[in-house]
Amino acid sequence: MNSIRKVFGTAVGKKCGMALTGVFLFLFVVGHMVGNLQVFLGQYAINHYAQLLQSNTGVLWSLRICLAAVALTHIYFAITLTLENRAKREVGYEVKELVGASLASRTMFISGSVIFGFIVYHLLHFTTGTTNPEFMTFKDERGWHDVYRMVQTGFSNGWVVAAYVVGVGALGLHLSNGLRAFCQSLGWRFETYASRIDRAAVIVAVVLFVGFAIVPLALFLGGAK
Amino acid sequence: MKVTVRVWRQKNAKTPGRFVEYEVADASPDMSFFEMLDVLNERITKQGEEPIAFDSDCREGICGACSCVINGEAHGPEKKVTTCQTYMRSFQDGQVIIVEPFRAKAFPLIKDLVVDRSAFDRIIQAGGFISVNTGSAPEANTVPLPKYHSDLAMDAASCIGCGACVAACKNTSASLFVAAKVSHLNLLPQGKPEKDPRVLGMVQAMDEAGFGSCTVTGSCEAVCPKGIPISFISRMNYDFIAAALKLRVHGRRV
Amino acid sequence: MKLNANIPSGPLTQKWTNHKHEIRLVNPANKRKYDIIVVGTGLSGASAAATLAELGYNVKSFCVQDSARRAHSVAAQGGINAAKNYRNDGDNIYRLFYDTLKGGDFRAREANVYRMAEVSVNVIDQAVAQGVPFAREYSGYLATRSFGGAQVSRTFYARGQTGQQLLLGAYQALMHQVSLGAVKMFPRHEMLELIVVNGHAKGIVVRDLVSGKISSVMADAVVLASGGYANAFYLTTSGGASNATAIWRAHRKGALFANPCYTQIHPTCIPVSGDYQCKLTLMSESLRNDGRVWVPKKAGDKRPSKDIPDNERDYYLERIYPAYGNLVPRDIASRAAKRVCDEGRGVGPGGLGVFLDFRDAVARLGKEVVEERYGNLFEMYREITAENAYETPMRIYPAIHYTMGGLWVDYNLMSNLPGLFVVGEANFSDHGANRLGASGLMQGLGDGYFILPYTIGDYLARNEVKRPPSDVAEAKQAEQETAQRLNKLLTIRGKRTPVEFHKQLGKLLWDNCGMAREEASLKKAIQDIAALRHEFWENVLVPGSHDDLNMALERAGRVADFLELGELLCLDALSRAESCGCHFRTEFQTPEGECLRNDAEYAYVAAWEFAGPDKPAQLHKEPLTYEEAHMAQRSYK
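Those protein sequences? They're chains A, B and C, same order as listed. Residue 212 in this note's numbering sits at position 212 of the first sequence; the count goes up by one each step and never skips. If you count the second sequence from 1, you need to add 225 to reach this note's numbering. If you count the third sequence from 1, you need to add 479 to reach this note's numbering.
One or more hints might be untrue.
[Unchecked claim] Okay, the calculated beta carbon distance ranges per label pair:
{"no.": "1", "chain 1": "C", "residue 1": "Gln-1006", "chain 2": "B", "residue 2": "Arg-314", "range": "37 to 45 Å"}
{"no.": "2", "chain 1": "B", "residue 1": "Ser-361", "chain 2": "C", "residue 2": "Lys-785", "range": "51 to 59 Å"}
{"no.": "3", "chain 1": "B", "residue 1": "Gly-452", "chain 2": "A", "residue 2": "Leu-41", "range": "45 to 53 Å"}
{"no.": "4", "chain 1": "B", "residue 1": "Asp-318", "chain 2": "A", "residue 2": "Arg-86", "range": "47 to 55 Å"}
{"no.": "5", "chain 1": "C", "residue 1": "Ala-508", "chain 2": "B", "residue 2": "Ser-361", "range": "14 to 22 Å"}
{"no.": "6", "chain 1": "C", "residue 1": "Asn-942", "chain 2": "B", "residue 2": "Ser-361", "range": "53 to 61 Å"}
Hints are computed from structural coordinates only; laboratory data are not their basis. These numbers were taken from a predicted model, which means no experiment stands behind them. Beta carbons are placed, not taken as given, at the ideal position from N, Cα and C, and that holds for glycine.
If we strip away everything but chain A, and leave its shape as in the complex, we get (with noise of 0.2 Å):
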């Protein structure tokens, strides 16, 4: 080993590489959770919340390419590792319990392509517009992009809803092992604290869920004025 190349090559420094840019992501999440929830404190507070991101157009512009390089890393290392895991049994078992091991464990690269299919939808349904070209026309009376609006015309939709739901649904899944993978692969995960992590993670998950799912439910049943 004669390089930081040489040591994110090992298989432990790949998963280090994993953990790292996917607990990045998980921040992005968490701010990405916050502000949705605004919309629950009416059209002003989301709107305004959007008007702050959009008008500095440096700083945006700076987060979305650092999210797009870390999520690229992040897939990067996915498919790597899992072709390379799954080169290294060429004859499988007749029969195979996979004991001891989660669903989310197992399902991280199928959870993990799920989501990345869901952001595409999602960039192309209220980022770009490309779905629905009428949501960028959306104004308030402050002449602001109404983004009130948008999601509220976007989740009366039943298929869109069902989308996300499934979409922040696989998200739950993929970090409910992923923060304690994080841990573990960062060398966290010691003894004493292994099975308090575990717990945290699932209710971390469940905590993003919800606060993901309840945007589009709500305001698909009408929760939200």
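Go by the hints and put chains B and C onto chain A.
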């Protein structure tokens, strides 16, 4: 009790293998799984055929030689035991028992249920030791060692090197095996001087031997006959990162 | 043949020190010119191979297992003795020496035993430095416990896995040397013949168990660390691969076999449950620290243990041996168990068992403490018997466990064949007629780390016979003979499997040469075993071929050697017309049923020379003289 054993037979690494079914009508619930196979093997031998080859030595769960996947579970249905400590009372009368070797690219098959686990030896050679030459040891009680650390090191050291962790892992990762040895030695004051090269070397050797990476599914700890928890993998990762961040170990760039 | 044990002169306490000064050394630059073969990777083999490599020799290490770490030393549970006196309970090297000598019923070589006690303290230091996680007190210092045959607490332990941890220490040292290129490892290789050139052991014939390839490996010296021959008895606590082929082949080539009849019976094994069993499981002797051994007072009492009130229980070890109680040596405890079972007071199916009861220990210490001390053993007992030993007493019965006999060696651990060294259980060792608990690990590691590496230099420095090339005529002939023998086994195509022969031999040995032996039955056993051997070579059925992994063939070869060894075992037992340690001849006992030694006639090591397959072996005697210790009647009362 009567059971059907569906077992993987393969003459050698080059010849393709297949499952062969045998009926064992005279099994007793008090027999161990291997004693049942012994009875079957005697019958097969009497018919002039080659008995089913499987690794087994101590038959008391400590040597780590046995390596069967029974009905999809490494070391069979019982928790915290090896294949040799699996008893027929864990199966039902009339059950079909599927027996396969440990499957992993890093464990090439030799014959029937026998696989080559020398990759584990190579990993130990990469740092799984304390380089103290005979004769240079200080008096044993010179360095007191907190009981907690000693017990924790013993938990890790109880690894028998059977490879069930690899067999059960969907990625064939040897992380639990490597972590147990790294943790055992790194937790002890005697192991401290070689802490960094040990973890870097063993992790690299694990990759070179062709094992997969850990995706924290926990299958390994579930099948580990000694109940070694995956928190030791976390310890190994910690030590690895700490060592890797130093970039220089023993005066050499890593 | 004159047996010279090469015991150094001087007072007992100075012999080893003086000897180290006197023996020849090999110059560091010359060490790398010498090749040494080590057969076996248990405690003695792995420690010897690693230490020799550290010194600079080229070592070739062979084992039948798939990894050096699986040698059967791994299964030792209880602990390792050392005269550290950490408990301040009056222990010292002399006491360990005397306890061992007395435990062996004064049939061991005094100077060897003293040396073993001397190096015992270094073994602990070495193991701790290697990272062996011995049990510790809360203070962080090493803990000890008591073992049979001693009144001091000198046994170091790592839970119930002491052998495993010590072996891993030695194995790791070995792997370190492999990584440095100083040791070349040959796992899954079996030694099938010794190559003797000009009277010196200079190589071995090995079979690669995977490819079946037979080849000769030459060296300047050969070290056998292949363990004991207990598996001749079939039902033992040894591992399936443990065998006597290496030492037996050396014996056939001229190495003397000493005291084969000294076979140890371990008192705390799980009783036999069915005829399908291929081995027995040992419960550590450490259990006798807190467990109490008893049987019902009344013969044929079939009540469950909990229904038998205290006054109807016979805690017979505490009753007969009040000073040592449940911690009497293994041979004494075993015979006492046999005696009460012979009286019809045995418990469990077949009446071959006694209780080992933890009721009082649980009441005194609480379940948690008992669990911390013996948890893994209780767990193992539950797996095998499906019984909970915290609630119902364990049932135990003696079983063959260890062999004190082995190849004859001098003080330098060299056999009568120059260049052939034998260490650990494979030699006739330092235990006399009975081994104390936790002494096997001490001897194996002492031999490998601290004795052989010095003494082998003395032989090599003499440079009497150079290492021959591997195409030397003797090697070719040995290879040829080995191939012919394997071929013969494969072509007999008889009716009975090797396992059937092995089982029958085991039963013959256990019934006639087990815990109690007598002249008439020994004579008959010798004839029966010879007949069985002849039948074997006409009627054995070995399927498959010799050019790939063939476990039936491996087994057949080992059983063939056990058949020859079994005969010698009985012959030795017959010729030793006295009782000592584990060798109990019913004709020679005290009125209380204890061993009756005959020091006037039998204070010697019986070293047997191979004369041919159908000729009785020839006896050579090495007289045992004691300068320091006084040969007394053993008493543990």
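Here is what the structure says about each hint:
1. Restraint check, Gln-1006 (chain C) to Arg-314 (chain B): a C-beta distance of roughly 42 Å satisfies the suggested window 37 to 45 Å.
2. Separation of Ser-361 (chain B) from Lys-785 (chain C) is about 55 Å and conforms to the stated range, judged on CB atoms against 51 to 59 Å.
3. Distance hint check for Gly-452 (chain B) and Leu-41 (chain A): the Cβ-Cβ separation is about 51 Å, which falls inside the suggested range of 45 to 53 Å.
4. At roughly 38 Å, the beta-carbon separation of Asp-318 (chain B) and Arg-86 (chain A) lies outside the given 47 to 55 Å, and the hint is violated.
5. As the Cβ distance of Ala-508 (chain C) to Ser-361 (chain B) is approximately 21 Å, the hint placing it in 14 to 22 Å holds.
6. About 29 Å separates the C-beta atoms of Asn-942 (chain C) and Ser-361 (chain B), a value inconsistent with the hinted range of 53 to 61 Å.
Hint check: violations occur at hints 4, 6; the rest are consistent with the structure.
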